[in-house]
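Q: One letter stands for each residue in the lines below.
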Amino acid sequence: MTRLPETTQKKLGLVIDLDTCVGCHACVTACKGWNTENYGVPLSDTGAYGSEPVGTFLNRIHSYEVEPTGGGCSQTVHFPKSCLHCEDAPCVTVCPTGASYKRSEDGIVLVNEDACIGCGLCAWACPYGARELDLAAGVMKKCTLCVDRIYNENLPEEDRVPACVRTCPAGARHFGDFADPESNVSKLTAERGGIDLMPEQGTKPVNKYLPPRPKDQMKDMDVLTPLIEPVCEEPKGFLAWLDKRLEAL
Amino acid sequence: MHPAPSVIIFTVLSGLGFGLLTFLGLGLPEATGWAAFFYFAAGFALAVGGLLAATFHLGNPQRALKAFTQWQTSWLSREAWLSTAALIVLGVYAFAAVFFNASITLLGWLGAFLSLATVVATAMIYAQLKTVPRWNHWLTPLHLLTISLAGGAMLAQQTGAAAVLLLFAGAVQIFHWVLGDRRFEERGHTIETATGLGDRGKARLFEPPHTGSNYLLKEMAFVVGRKHAQKLRLISFVAMIVLPLVIVVLLPMNPFTAVIATLFYLAGAFASRWLFFAEAQHVVSLYYGASGSNPPYQPSLSR
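From first to last, the protein sequence lines are chains A and B. Mapping to full-length UniProt numbering: the first sequence position 41 is 41, numbers consecutive. Mapping to full-length UniProt numbering: the second sequence position 113 is 113, numbers consecutive.
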């Protein structure tokens with residue numbers, strides 16, 4: 001049913017720390033690996049070994065350069081982007097078949113692929129580019145928040161988080177329940193001033209982004225620094241001999 | 001947005017078809033027998049042909065019937081219901097008119113209303129999208145509706161209505177272009193709001209997420225042809241509005257002139273609809289480095 005639930009019991013989502021992300025794309029690979037073998041049809045690639053490879057991904061890492069307003073060094077920000085599981089998800093209400101839905105129990109936005117006609121309207125409705133039509137299967141693919149991991153009792157407990165979170169070597173991705181003010185994600189968001197992407201679209205994203213901390217400033221140098229005697233020691237013993245021999249070559 | 005031929009053909013042809021069916025339902029002209037047969041055959045062929053073309057852009061058209069289920073929230077689903085209802089109601093009306101020389105007035109009016117509602121529902125599929133500021137405005141349904149009715153009036157050989165509707169459709173088209181050009185910036189979407197990095201300074205795309213292309217870029221970050229947009233607008237306006245208006249006003253209205261005028265109109269309408277898509281900028285292009293007149297990242301892999 002494409003009518004959005006009034007409220008959801010939980011608000012499961014991710015916190016992405018733009019300060020910590022190193023842009024290694026490990027989450028992209030882990031996501032593609034898990035989701036190509038599990039929920040729904042595989043994430044296909046077209047012309048993977050050709051000159052113009054194209055593939056379906058549920059998570060992509062952009063990199064931006066930010067030039068500070070007050071001058072100073074610019075900052076490179078790696079920017080992972082996947083479905084934000086919006087509270088007011090425009091992708092859900094536009095769906096003509098009911099394939100797109102938001103779960104009332106945990107707020108995850110999912111696609112029932114058996115009902116998807118592949119019209120692509122939900123991808124148009126999403127401001128964040130979180131949905132991609134799989135070219136091989138003709139159905140819409142999107143982040144499932146690894147719904148087949150987080151409740152999966154066949155997995156060891158530490159693996160019951162989304163694949164991207166489990167694999168992130170920098171600890172830049174956090175998974176939790178935003179409806180619980182005491183959860184790790186709620187606390188992180190409050191502490192670090194987590195923000196919404198494109199808030200003017202009114203989608204009320206669940207996922208939050210922690211802004212990068214400002215860069216360190218270079219400490220003032222001592223005025224006498226340029227006058228300090230340069231340190232240059234002449235080599236002695238074997239190194240002196242080696243130096244001389246190499247010089248003579 | 002990617003100007004997919006199937007969607008351009010669908011919106012133009014079924015728009016024209018439902019425009020014609022609106023006039024036929026209203027009894028303008030009140031045709032019966034063979035005349036009614038040809039009028040309705042044209043209306044149904046255009047409307048149904050357009051709808052069939054639309055199914056070509058579906059990934060899984062065999063499940064298209066499921067699109068009838070979500071009419072409470074989805075304009076696409078409402079369009080499915082309204083178009084089917086319009087075709088059934090007018091099918092009955094046409095059957096009576098062709099075989100029994102009978103005009104069931106009330107049924108015709110209902111069919112005309114449903115035809116109009118179908119065009120509005122189609123337009124709302126685009127107008128509802130906040131992600132495409134150019135479309136997200138009440139002018140979009142008015143634009144598609146006036147274009148559709150102007151074409152319908154010509155095919156129905158309603159000289160007065162066609163002239164007035166062409167003038168009106170032309171005015172709305174100009175407003176849709178001119179105001180649409182400004183709307184993306186008016187809404188205040190920038191790479192800074194998209195990334196949330198605005199309070200730090202000026203952001204620019206340093207590296208795209210991939211060296212190749214992807215579905216999002218192909219579907220929503222279309223950049224080809226913007227260079228010729230102004231020329232195409234002029235060509236489209238002359239073919240869709242000016243030439244048909246000259247024919248309708250100066251030449252005696254008969255099936256031959258009506259068809260000639262409609263052919264010019266169709267050529268212009270296809271160009272106008274191509275621009276409708278090609279010029280529409282989706283906010284996701286901001287993540288790929290689009291800003292103002294700068295196009296988003298496009299891979300250049302053809303070696």
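Rather than coming from a laboratory, the hints here were simulated on the basis of the structure. Treat the numbers as computed from the prediction; the structure is a model and nothing was measured. A virtual CB, placed ideally from N, CA and C, is assigned to each residue, including glycine. One or more hints might be untrue.
Cβ-Cβ distance ranges computed for the label pairs, FRET-style [stated by the list, open to error]:
| hint | chain 1 | residue 1 | chain 2 | residue 2 | range |
| --- | --- | --- | --- | --- | --- |
| 1 | B | Thr84 | A | Asn152 | 35 to 45 Å |
| 2 | B | Glu186 | A | Leu188 | 33 to 43 Å |
| 3 | A | Asn154 | B | Pro299 | 36 to 46 Å |
Q: Confirm or reject each hint.
A: These are the hints, each one checked on the structure:
{"no.": "1", "hint": "B/Thr84 x A/Asn152: 35 to 45 Å", "result": "holds (43 Å)"}
{"no.": "2", "hint": "B/Glu186 x A/Leu188: 33 to 43 Å", "result": "holds (35 Å)"}
{"no.": "3", "hint": "A/Asn154 x B/Pro299: 36 to 46 Å", "result": "holds (40 Å)"}
Hint violations for this structure: none, all hints satisfied.
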